[in-house]
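J.: Protein chains in written order, with the numbering used here: chain A, 3 to 254; chain R, 2 to 226.
Derived from the structure by calculation, the hints contain no laboratory data. Every residue, glycine too, gets a C-beta built ideally from N, C-alpha and C. Among these hints, one or two may not hold up.
[As the list claims (entries may be wrong)] Here are the simulated lysine to any residue pairs, SDA-like style, with alpha carbons at most 25 Å apart:
1. Lys-170(A) <-> Gln-136(R)
2. Lys-73(A) <-> Gln-88(A)
3. Lys-121(A) <-> Met-135(R)
4. Lys-170(A) <-> Pro-144(R)
5. Lys-170(A) <-> Pro-190(R)
6. Lys-121(R) <-> Phe-13(A)
7. Lys-121(A) <-> Arg-217(R)
8. Lys-84(A) <-> Asp-120(R)
9. Lys-143(A) <-> Arg-217(R)
10. Lys-143(A) <-> Met-135(R)
11. Lys-84(A) <-> Thr-137(R)
12. Lys-124(A) <-> Gln-136(R)
13. Lys-20(A) <-> Asp-125(R)
14. Lys-170(A) <-> Arg-134(R)
15. Lys-124(A) <-> Arg-217(R)
16. Lys-128(A) <-> Arg-217(R)
17. Lys-121(R) <-> Gly-39(A)
18. Lys-73(A) <-> Arg-217(R)
19. Lys-121(R) <-> Gln-230(A)
[As the list claims (entries may be wrong)] On the chain R side, residues computed to face chain A include the following (Cβ under 10 Å):
20. Gln-123
21. Phe-128
22. Gly-131
23. Leu-140
24. Ile-141
25. Arg-148
26. Glu-216
27. Arg-217
[Stated by the list, open to error] In silico negatives: residues of chain A with every beta carbon more than 10 Å from chain R:
28. Asn-79
29. Glu-83
30. His-99
31. Val-229
Listed here are the chains, written in short residue letters.
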Amino acid sequence: MLEIKSVSKSFGELHVLKDVNLNVAKGEVVCIIGPSGSGKSTLLRCMNFISPPDSGEIVFDKVSWRSYRSKFNVLANLRYEKKLPQLRAEIGMVFQHFNVFPHMTTLENVSLGLQKVRKIKKDEAKQVATKSLEQVGLSDKLQVYPDQLSGGQKQRVAIARALALNPKVMLFDEVTSALDPELVSGILDEIRRLVREGMTMIIVTHEMKFAFQVAHRIVFMDQGKIVQVGTPAEIRNTQEPRAKAFLSSILE
Amino acid sequence: MDKYDFSWRIIQENLPELINGLIITLQISVAGMAFALLFGLFFATLRFSQYRILNIVSNSIVQVGRSLPLFVLLFWIYYGLSLKFKINFTDFQAGALALGITGGAYMAEVFRGGITAIDKGQSDAAFAIGLNRMQTSRLIVLPQAIRIILPQTVNIYVGLLKGATIVSVIGVADMIYVAQYVSLETFRPFELYSFAGVVFIALTLSVASFAWLLERQLSGKSRRG
Chain A
3 MLEIKSVSKS FGELHVLKDV NLNVAKGEVV CIIGPSGSGK STLLRCMNFI
53 SPPDSGEIVF DKVSWRSYRS KFNVLANLRY EKKLPQLRAE IGMVFQHFNV
103 FPHMTTLENV SLGLQKVRKI KKDEAKQVAT KSLEQVGLSD KLQVYPDQLS
153 GGQKQRVAIA RALALNPKVM LFDEVTSALD PELVSGILDE IRRLVREGMT
203 MIIVTHEMKF AFQVAHRIVF MDQGKIVQVG TPAEIRNTQE PRAKAFLSSI
253 LE
Chain R
2 MDKYDFSWRI IQENLPELIN GLIITLQISV AGMAFALLFG LFFATLRFSQ
52 YRILNIVSNS IVQVGRSLPL FVLLFWIYYG LSLKFKINFT DFQAGALALG
102 ITGGAYMAEV FRGGITAIDK GQSDAAFAIG LNRMQTSRLI VLPQAIRIIL
152 PQTVNIYVGL LKGATIVSVI GVADMIYVAQ YVSLETFRPF ELYSFAGVVF
202 IALTLSVASF AWLLERQLSG KSRRG
C-alpha cells in the first residue's frame, strides 16, 4: 500500500536519510524505533511530503509521488503543489506536539478538513466530526477551545481530526513524548483500538513495550539508514550490534 | 515679552473648515492604510516565497520604503512621476499612495513577524489534513497571526495619521493646511495648531482604545493552546 523507494534527504550538510527503502502492506502496523537523530521522524514526514524528500519516490495506492520543483517553471510548481493535498488527505498524521488549532473549538478542529478538503456540507461535517470525537471519548468537549484541554485531550482531538477524514494510512510521530506520564497509556489505548480495527499504521515511538506489543514489524533506524527490519521476536533477539546496543540501553 | 492673549474664538469661527480638514486627514490616512495593508501583505508573502529572487526584491523594496522620508516619497509621486512619466495623480491620490508605500513597508515587517511567530507545527498539521497553501494561510496561520499583528498595526496607523499632515505641502486641504491658512489671516497659529494637536491626541486615543477592545474580543474567543 505504501512503498518508500530509495528516499534520501539532507538538511544542508546533514544527511538525515540515506537511500531508505520500506514497504508497508495494507493493514500492517509498523513501528519505527532508533536513537534520536536517526531520521525516524523525517522519514515519516517524507511519506506525506510535509518534508519532501530530496530524491526517491513514495508509491501510495499504486500512484507514484516524487518531489518536484522546477527552478524556472513556476506554473508547473503550482500544479504540483495543487496535487499534494490529494495524497495528504488519504494519509492521517498525528504529531508529537499535537498541533491542534488553538483558534478553533474541538469540533471545528475536526470538521475543518471534512469541509475544506472532503467538501462535505457544514452540518454533515459536524455530525461526522462529532462521531469521530465521541470515539476518542471527547463528546463532552465539542465546544471547548484547546487551551482548556489537557495534553492527552489535545492529542485525542488531533487523532480524531486525522481519523475523521477516513485515511487509508495513519502516521504517528512520537505522539506520547510530550505527554505527562499518566496520560500516555490513554493515547496508546487509542492506537490499540485502531490496531484492532485493522488500520494501516506507521508509528515512530520511544515506547518500546508498546511497539513490541502492537507491531507486525519493527524497523530499527540509525544514522539515516534502516539498519534492520523484522518481526518483534526477530528484533528482540537481534544480533545486529547497533540494534542490540540500542535495545539493551533502552530495555534495562 | 508682550502678554499673549489667547483667543480661542478663532477656533469656533473656523470650525467648519477645520472639521473639513479633519475629515480629509481621516480619509487620506484610511486610504493610505488600505494601501499599506495590501502592499504589506503582498511584500510579506513575497518574503516567504520559495524563489530567492522574490525574497530579495521584496526585501529591498521594504528597506527602501522604510528609509525614505514621507516628504521625499510624496514629491516623487506627485511631481516626479508627473514631470518624468506624465503619470498624474491628484494630490489626494498621491498622498494616499505615499502613505501606503511607507506604511506598507512597515506592515510587511509586521506581517512577517506575526507569521513567523506561529509555530510551524500549525502549518504542518494543516498540510497533513490536506489543506493547500492558500487555505493554510487563510484559515490557520493568519487568524492566529492577527492577534500578534493587530497592536503593531494600530501603531502604524497612528503613524500614518500623523504622517497624513504632511500632504499639506502639496496643497491637500487637511486640518494642518487649514490651520496654516487661517493663521495667515488671523495671526493666531498657536491656538489653531494647538487645537489640531488636541484633536490628534483624541484621535490617537480613540484608535488605541478601539484596538484594545478588538484585541480583548479576539483573545476572549481564541486563546493559544
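J.: With reference to the structure, classify each hint as holding or not holding.
T.: Quick rundown of the hints versus the structure:
no. : hint                      : verdict
1   : Lys-170(A) <-> Gln-136(R) : 23 Å, holds
2   : Lys-73(A) <-> Gln-88(A)   : 24 Å, holds
3   : Lys-121(A) <-> Met-135(R) : 16 Å, holds
4   : Lys-170(A) <-> Pro-144(R) : 30 Å, violated
5   : Lys-170(A) <-> Pro-190(R) : 76 Å, violated
6   : Lys-121(R) <-> Phe-13(A)  : 16 Å, holds
7   : Lys-121(A) <-> Arg-217(R) : 33 Å, violated
8   : Lys-84(A) <-> Asp-120(R)  : 23 Å, holds
9   : Lys-143(A) <-> Arg-217(R) : 24 Å, holds
10  : Lys-143(A) <-> Met-135(R) : 29 Å, violated
11  : Lys-84(A) <-> Thr-137(R)  : 13 Å, holds
12  : Lys-124(A) <-> Gln-136(R) : 17 Å, holds
13  : Lys-20(A) <-> Asp-125(R)  : 23 Å, holds
14  : Lys-170(A) <-> Arg-134(R) : 23 Å, holds
15  : Lys-124(A) <-> Arg-217(R) : 28 Å, violated
16  : Lys-128(A) <-> Arg-217(R) : 28 Å, violated
17  : Lys-121(R) <-> Gly-39(A)  : 19 Å, holds
18  : Lys-73(A) <-> Arg-217(R)  : 45 Å, violated
19  : Lys-121(R) <-> Gln-230(A) : 32 Å, violated
20  : Gln-123                   : 6 Å, holds
21  : Phe-128                   : 6 Å, holds
22  : Gly-131                   : 3 Å, holds
23  : Leu-140                   : 7 Å, holds
24  : Ile-141                   : 6 Å, holds
25  : Arg-148                   : 9 Å, holds
26  : Glu-216                   : 14 Å, violated
27  : Arg-217                   : 15 Å, violated
28  : Asn-79                    : 8 Å, violated
29  : Glu-83                    : 6 Å, violated
30  : His-99                    : 5 Å, violated
31  : Val-229                   : 27 Å, holds
The structure fails to meet hints 4, 5, 7, 10, 15, 16, 18, 19, 26, 27, 28, 29 and 30 from the earlier list, while all remaining hints are met.
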